[in-house]
Every structure is written in structure tokens, then in C-alpha cells.
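A.B. asks: We have chain A already, so just place chain B on it with the hints.
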Amino acid sequence: MTRLFRKTLLSASVSLAALIAAQAATAQEAVFVMATNEVGAPTYNPIKATMLNTATGLIFDRLVSQAADLSYHPWLAESWEEAPDGMAWTFKLKQGVTFHNGEPFNAETVKGWLELFKTTEGENGYMAEAIASVEVVDEHTVKFVMARPEPNLLYNLSSTFMGVVEPKSFAALGDNYGVTEVYGTGPFKLESFAIGQETVLVRNEGYTWGPEVAANHGPAKVERLTFREIPEDSTAFLELKTGGVDFLLSVPADLMGEVQKEANLAVLTMPGQDVWYMPINVTKAPFDDIRVREAAAKAINQEEILASVFGGVGAVADTFLISALPESHVPDGAKIKFDPAHSNALLDEAGWAMGEGGVRMKDGQPLKVTLWTQSDSIFRRLTEVVQAQLKAVGIEAEITTFDSSMIRDQYKTGEQHLAVRSYNWDNADIVDWFFGGDRLGYPNVSMFNDPKAEELRAAAMTGAKNMDERIANFTAYHEYVLTQFPMAPIYQPVQAMAYSTDRIALPEKIDAPAFGAAAFLDLEVKE
Amino acid sequence: MLPWLIKRILMLVPVFLAVSVVIFSILHFIPGDPIDNLLKIGSSPEARAEMEARYGLDRSLPVQYGIWLSNVLQGDLGTAIVARRPVADLIAQALPHSLRLGGLALLFSTVVGVTLGVVAALSRDRWSDRAIMGGVLVGSTMPSFWLGLILILVFSVSLGWFPVSGARGWQSLVLPVLTIGLGGTALVARITRVSMIEASGRDFVTLLHAKGLSPLRIQLRHVLRHALIPVVTILALRIGWILGGAVTVEVVFARPGLGTLLIKSLAQHDYPVVQACLLMLAMAVMLGTLMGDILQALMDPRVRAAMT
Chain A
1 MTRLFRKTLL
11 SASVSLAALI
21 AAQAATAQEA
31 VFVMATNEVG
41 APTYNPIKAT
51 MLNTATGLIF
61 DRLVSQAADL
71 SYHPWLAESW
81 EEAPDGMAWT
91 FKLKQGVTFH
101 NGEPFNAETV
111 KGWLELFKTT
121 EGENGYMAEA
131 IASVEVVDEH
141 TVKFVMARPE
151 PNLLYNLSST
161 FMGVVEPKSF
171 AALGDNYGVT
181 EVYGTGPFKL
191 ESFAIGQETV
201 LVRNEGYTWG
211 PEVAANHGPA
221 KVERLTFREI
231 PEDSTAFLEL
241 KTGGVDFLLS
251 VPADLMGEVQ
261 KEANLAVLTM
271 PGQDVWYMPI
281 NVTKAPFDDI
291 RVREAAAKAI
301 NQEEILASVF
311 GGVGAVADTF
321 LISALPESHV
331 PDGAKIKFDP
341 AHSNALLDEA
351 GWAMGEGGVR
361 MKDGQPLKVT
371 LWTQSDSIFR
381 RLTEVVQAQL
391 KAVGIEAEIT
401 TFDSSMIRDQ
411 YKTGEQHLAV
421 RSYNWDNADI
431 VDWFFGGDRL
441 GYPNVSMFND
451 PKAEELRAAA
461 MTGAKNMDER
471 IANFTAYHEY
481 VLTQFPMAPI
491 YQPVQAMAYS
501 TDRIALPEKI
511 DAPAFGAAAF
521 LDLEVKE
Chain B
1 MLPWLIKRIL
11 MLVPVFLAVS
21 VVIFSILHFI
31 PGDPIDNLLK
41 IGSSPEARAE
51 MEARYGLDRS
61 LPVQYGIWLS
71 NVLQGDLGTA
81 IVARRPVADL
91 IAQALPHSLR
101 LGGLALLFST
111 VVGVTLGVVA
121 ALSRDRWSDR
131 AIMGGVLVGS
141 TMPSFWLGLI
151 LILVFSVSLG
161 WFPVSGARGW
171 QSLVLPVLTI
181 GLGGTALVAR
191 ITRVSMIEAS
201 GRDFVTLLHA
211 KGLSPLRIQL
221 RHVLRHALIP
231 VVTILALRIG
241 WILGGAVTVE
251 VVFARPGLGT
261 LLIKSLAQHD
271 YPVVQACLLM
281 LAMAVMLGTL
291 MGDILQALMD
301 PRVRAAMT
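Residue numbers (this note's numbering), protein chains in the order written: chain A, 1 to 527; chain B, 1 to 308.
Just chain A, with the same shape it has in the complex (with noise of 0.2 Å):
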């Protein structure tokens, strides 16, 4: 009895298992988790979305791409020319391109994207505001008459929230636009979409017009993606794990060692666009003493959290911004580097000695700061570190702890002296948002209000001409930041994903900043 039980069970775990596999990806077929920080994005509408996913760079082209190094290169425009005073550019377009619902792409599809940027009800509108007018030259030429220099433009229109929507399209679908229906000239086209659910997206046969980093210009080597939304880490890592999706296109941290035991999955790195940081109020005594910031920023041992929190994984930051970003290059002195003995000295100047438990005593009081995070545990435990690191130089951190979600509105309460947090974004105009004047509380946590960073914020943000200048404005506001101590930078992760290798094979070099268009394009699933 127990005999013909066991087989009748084994027989039917058997079947049953056949009878899922076959419903698994085909050959032609690959199945992608979205990124957790993805999940959600309620629309394909680049034109009114504040969040988009990476199924919407498959199905919108950009008039540019942008390389591994954030150099700019041809996609949709065959060359581009920019006037001396930064008052107009004009793009050669690409011949023969089509939408997905045939419309033909020419320089009057482009004027009619760019006017919706202006007509259309959202967010945006500021990705184009520098463009005054739109002229059509001739069929495949367009000119952007500025209303004033905009060296960013490039950076804008290789953004995914700039993907060419064909305007016709646009106007009749209205508010069902990127939700039921959805066309771009991208190497894939929408099949379906379940909102915080599954996207699937099939290839563009007549994709012959890929970005100029990609190897393959089109078609896409893979027929169909899927890609589902998984928020729950461990979830999604137990699908790759068991073949129900054959790539993670974000693993945290923690799960990566469980990722690298397993015989057939394997790790993808890229540079990654986030940094971590600490804010440091500098409007709240002792923080308000411009050494007793750079005590606590030198006190940072950036190479003991790369080893011991993120496993080795990613670099360290002695900037406030990527180091891809040509703006991070400052001097080394300005650098923010660990240096113990130098922020001993400093306490000392300033007037805290070492007191008795390690803690530093000025008049009477010890140097008690508090130390803001989120709930998620690997901000939790980098952030003990820190802690364990300003200790180390007599600087008594207490922890709180605030929910992800409401973390924000309490740093606008400016009550924290210090904070762990991270950002991501891959233009330099982030210090500006982050140190800003007039954004004190949020985003501007540490409260800085410096003069001369407002100048040389002003010149960095309007006052250049052309891409050059605005690196050299950009890179002199960042360095003046960096030395007035408002943050210590920690950390700058790589993006981390995970395939499976029996499924999935790997162009060998990607030349993009994150795994876009150019990867899918040259990503093939094994037979």
C-alpha cells in the first residue's frame, strides 16, 4: 500500500512538473524579473509618467544613446550639430525608421513629439522647456531653436522619459495611451500590460536601427520577453532558482551569495548610479563648526563598509557623484577620504578632548549627535557601522529608525544631525538638487545655504553655453560642496543581476550605462 502510494505520488509529481515546464519559457522566450525599485510603474507613456521600467526603453527609441562611459552617440539621429552660442541644434535623422503602428518617423514626427511636451498635462515638460521651437528643415532634418543654451540636451534626450512617442497615436488614445495600447519605433512591441503585474512585449521585426553601442542594430536576437513584477526579493530569487524566470534584473546584496552558489546562475555587474552618503545638518551645533564636519566625513572608513557591509562588491566614494560623471573629477584634495588622525586633531582644535567611555566632552556636554536611517536592514546595518565608526574618533551617534516611506517628511523637520541614505541619478545636476538653497529640509537634508555655492550653483545650472563649460561650472560647484563638508560620501553600489546561464547568453561586452536597449538587443537564449 505504501509502495503503490509512493508511486502513485511520484508519478504525479512527475507529471506535474512536465505539465508546468511546458508551460515555461520557450527557446524564443525569455522571462526577466523587473527590478524591485520598478515595480509599480503604472504606465508606457513617457510624456506623463514619473516612473518608467526598462520594457519602456525597448519600445521608445531615443533620438541619442549614451555609452558605458556617458559618452553621447547616434541612435535615432545620424549626427547632431550645436550652434556656437548654444542657441540652436540641428539633427540629421535616420532614414527608412517606422513606428510600430507603421506611421513613418521624419522631422515632423519629432516637432509633433516635442509639441506634446508643451501641450500635454505632466511632469516633464521641463526635460524640453529650453527648446523654444521645433523647425523642419527638410524630411530627416530638424532644428531646436533654443530659448536658452541647454548644454544638459543630450543628457535629456537620451533619457528614457525623452523615448520618441508617435504623436498621431498620442492624441487619439488619449488617457489609454501606454496602457492598452502603446507605439514607439523600439525593438520591441507591446503585447500586453498588467499593471504591477507582467509586461510582455514581442520583437519588431523590422528593427534594423539600433543605437550605435549596440553590436547587433536589429532585429533582437530574443522573439518574446516577459517581465514580471516580483516585490519580494527572496520570491523572485526562488523563481531563478527553480526556472520559472531566467534573469533578476536587480539582486540585493544580501542575496548575492545565495546567487553565486547555485552551479547555473551567475552574477551580471554594471557600473552602478547610486551613492550612498551622510548628510550632515550643518545648521545644528556641534555640526554648524565646519571642523567638526570634517571630522565626522574623514572619520568615514569608506574601505571597511565596501568590505564588510557590501561584501567587496561596488567601489567606495570620495565624491558626491558617480565616478563615471566627468564632473567628479576634482582636485584629490577635495576629495573626501578616511582619516582618523586628521579628525582626532580636528576635535581637538574645535574643542572636544577625549573624555572618559570614548566620548568626546566640550564645557561639560559630550559630543552626542543623533543618526537618522531607514528601516530596510541594509541601511540598518551599514548605518551600525557608521555609528561604530564615529565612535572610534569620540563621537557618540544614536540611532533612529524611520520607515522607508516616511523617512522624507522627517528630514523636512531638519531635527537630525546626521543620516545614511542614497541616491540615484547620473548627472552631475543632482548637487544641485541635493545642496540647493531653496530646498532646505527635503532634498536639501544637510540644510546647506552657502553664498558662494548659490553663485557657483547658478553658473552651473544656467550659465553654460555648451557641454564643456557646463562640466567645468558643474565640477567647481561640486568641489566647492565637497570642501564645506555638508556629507560624507560612503559608497557607490554596482547594479547587480542575476541570470541563468542555461538559458541565457550574454553579449560580452555591454557599452551602456544600465542593461537597455544596446544588452537586448544583442542578448540570446540558448536553444
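Think of the hints as simulated: they come from the structure by calculation, not from any bench. Beta carbons are placed, not taken as given, at the ideal position from N, Cα and C, and that holds for glycine. Be aware that one or more of the hints could be misleading.
The calculated label-pair distances, taken between Cβ atoms and stated as ranges, are [as the list claims (entries may be wrong)]:
| # | chain 1 | residue 1 | chain 2 | residue 2 | range |
| --- | --- | --- | --- | --- | --- |
| 1 | B | His-28 | A | Asn-424 | 26 to 34 Å |
| 2 | B | Pro-96 | A | Asp-175 | 19 to 27 Å |
| 3 | A | Glu-396 | B | Pro-96 | 50 to 58 Å |
| 4 | B | Pro-86 | A | Ala-505 | 37 to 45 Å |
| 5 | A | Ser-234 | B | Phe-204 | 49 to 57 Å |
| 6 | B | Leu-57 | A | Glu-356 | 49 to 57 Å |
| 7 | A | Ala-88 | B | Pro-96 | 51 to 59 Å |
| 8 | A | Glu-396 | B | Met-11 | 51 to 59 Å |
| 9 | A | Arg-380 | B | Leu-5 | 47 to 55 Å |
C.D. replies: Same frame as chain A, now just chain B:
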């Protein structure tokens, strides 16, 4: 009975109003701002003010509440601030998934729970009774998040019988239904057992024995019918609980539904969606309670008599 029913339904009105005030207030008193999720790097303070005005967040809380309640009563749940779609559309997409999952879990816990309760009552104080009640105790104390992961590890990772997550096909429903249903099974089994034991000692059972009916027939046809009255009430009350209890299970199994929508919208401080989700869950509890009362009245002549 009709006057009682009308009175009972009218009693839901103040409850609904009180619940709506609580839902609206809690959301606005917790820290967090939906506009933060809309503003992109580079947005100006003027853009924030304009957006607050657009979504009516610049008005006083009582005014915002009045507008919201008036719209809800007219069937307009508003527009999601972050998702930028009618909230009713988002609820309409999520609700069928939650109802399917909750309904199957309720069915599972009813069938299995009543069966186990009857078996335990019939074999009172024997090893099978102790085994069932022991198992039931373990089942009722396991957190659903943990139980879900354990079921995934056993049935998906080790045995490969069911998919780890998602909402494709009946296979993907098995583990989530088990996760939610097992907790309910424990409750139903315990109540069935206790009710049957209690009913077995009643005078009418002695009378039936005296009439010469077989003990099994007495238990299954007469005692069970009597014992099911509290079970039905509990099951009706669990309708709302099951929808709410599915929140964590939907996240673990990456299933669409009210729970997933609620968690995502809470993180984004998308007030209209969170309010609508909480209102749906509260209404499910209110309607469940009403249904429990009605069913109890229909099944128990003494309750019916007390109403008239």
C-alpha cells in the same frame, strides 16, 4: 424579520461614516506626501505648489474629507495621484484576483475545517482527536508570511509541483490558497469540534438516542446541523478578514490583488487608492457581519423568534 433587517442595515450607516472618518484621518496624520513621489529631480517649489493645488491637497482636511465622501457616495473613488488612473479601474482590476483567492481559501477552510472538526468530535479524547487538534494548533499559530515561504520551499523548490509565484493558471493558486486557508481551517475545526461536543449533550440528542436512531446519523444529521450555526457566523465574519489577510500572501507570491495594490499605494502615499482599498476591506467586514447575522437568523429559530 423584515423590520429587523431594515434596522440592521440602517445600523451600517453610522458604522460606515465612522470607518470613513478613521480611514481618511489615519492616512493624513501619518507622515508622508504623495507629491514627493511625483516630483522628479529638478522640479521647482512652484511645481510642487501647482501639483498640490491640482490634487486638492492644499485644502483643509475637513474640506478634503467632505469632497472625498461626497464623491464616494456617488460612486466616484477619485483618480490615483501616482498611477494617474481612475481608482475604480485599479480596484476593478485587483478585486477579482482577491475574491478568487479569498473565496477559494474560505471554501478550503470550510470543507477541511468542518471535516476535521467532525472527525475530532466523533473521536473525542482519542489519538485522532488529539492529532487533529494538535495539527490545528500548529496551523493556527504559523504567521502566513512564514508559512507561505515554507510552502514555496517544499512544494516549489524541492518538489517542483507548483510555481513559486505569479497568477498564471490554477497551479499558481494552490500555495496561496493553502497559506491563507490553513489558518482558517484551524479556527473552523476547533469551533466545529467544540460546538458538536456541546450540542451532543443537549436534551434533543438524548431523545433521538431514545428513539433508536443510529449514533452516526444523530451526529451527522442533527448535531452537526446545530453545531454549524456558530461556524457559519464565524465564516461570514472571516470574509473581510480573508481579504485583508491576503495582503502579505499576495506580496509573498507576487500575485495581483487588493493587498498588493494597498501595499504599493501605501509606499507611494497614493491617498485615493489607499482610501479606496481600506474602504473595500472595511465594507467586506461590515457586509460579512451582516451576512453572519442574517444566516444565523435563518438557521436558528430562537434568534428569529427574538427578532419578531
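A.B. asks: The structure should be examined with respect to each hint, and the outcome stated for every one.
C.D. replies: Okay, the hints, checked on the actual structure:
no. : hint                              : in the structure
1   : B:His-28 x A:Asn-424: 26 to 34 Å  : holds, 29 Å
2   : B:Pro-96 x A:Asp-175: 19 to 27 Å  : holds, 22 Å
3   : A:Glu-396 x B:Pro-96: 50 to 58 Å  : holds, 55 Å
4   : B:Pro-86 x A:Ala-505: 37 to 45 Å  : holds, 43 Å
5   : A:Ser-234 x B:Phe-204: 49 to 57 Å : holds, 54 Å
6   : B:Leu-57 x A:Glu-356: 49 to 57 Å  : holds, 51 Å
7   : A:Ala-88 x B:Pro-96: 51 to 59 Å   : holds, 54 Å
8   : A:Glu-396 x B:Met-11: 51 to 59 Å  : holds, 57 Å
9   : A:Arg-380 x B:Leu-5: 47 to 55 Å   : holds, 53 Å
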